[in-house]
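S.K.: Residues 28 to 139 (the numbering used here) are what the sequence shown spells out, left to right.
By construction, these hints were calculated from the structure, which means they are not laboratory data.
Note that beta-carbon positions come from the ideal geometry of N, C-alpha and C, so glycine has one too.
There's no promise every hint is true.
[Said to hold, decoys possible] Computed spacing ranges between beta-carbons, pair by pair:
1. 63 / 116: 30 to 40 Å
2. 118 / 73: 44 to 54 Å
3. 118 / 54: 11 to 21 Å
4. 83 / 37: 19 to 29 Å
5. 119 / 52: 33 to 43 Å
6. 50 / 89: 36 to 46 Å
7. 74 / 121: 32 to 42 Å
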Amino acid sequence: MLSNTSQLSNIGLDITNEEQQTRGIFGVRYLLPLLIDSTVRIDTDADLRIILDREVQPTERLSAFGEIQYDMESKWEWKAGSAIGSAIMINKWFSLVGQHYSEFGGRGWNKN
């Protein structure tokens with residue numbers, strides 16, 4: 028067991044679809060300086076994935092986020108909030124989220 032609260036290890040299964048086989052996963056999460064969340068994981072097919080993400084909340088209702096990841100299979104991917112912010116809380120049950128994701132290449136607004 029890890030004694031530092033900024034470290035977390037995980038073990039699990041990756042079950043995606045019928046075409047690919049089920050893979051075992053081992054990973055480690057670590058909180059870097061500037062509150063950057065980092066994750067390194069490897070699966071039973073020796074596929075390594077490195078993820079860095081960060082969220083900033085300048086006000087109670089406005090937040091912005093960004094994530095970048097490198098996967099040995101699909102290479103670089105990134106997603107980020109829109110230029111004005113990524114999440115705007117309207118009330119306790121409703122928020123608007125805008126994001127751009129490099130894998131899909133589109134922009135849009137989602138409501139949660």
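S.K.: Each hint needs a verdict: does it hold in this structure or not?
M.R.: The hints, checked one at a time:
no.: 1; hint: 63 / 116: 30 to 40 Å; result: 23 Å, violated
no.: 2; hint: 118 / 73: 44 to 54 Å; result: 47 Å, holds
no.: 3; hint: 118 / 54: 11 to 21 Å; result: 36 Å, violated
no.: 4; hint: 83 / 37: 19 to 29 Å; result: 25 Å, holds
no.: 5; hint: 119 / 52: 33 to 43 Å; result: 35 Å, holds
no.: 6; hint: 50 / 89: 36 to 46 Å; result: 38 Å, holds
no.: 7; hint: 74 / 121: 32 to 42 Å; result: 38 Å, holds
Violation of the numbered hints given earlier is confined to hints 1 and 3; the remaining hints are satisfied by the structure.
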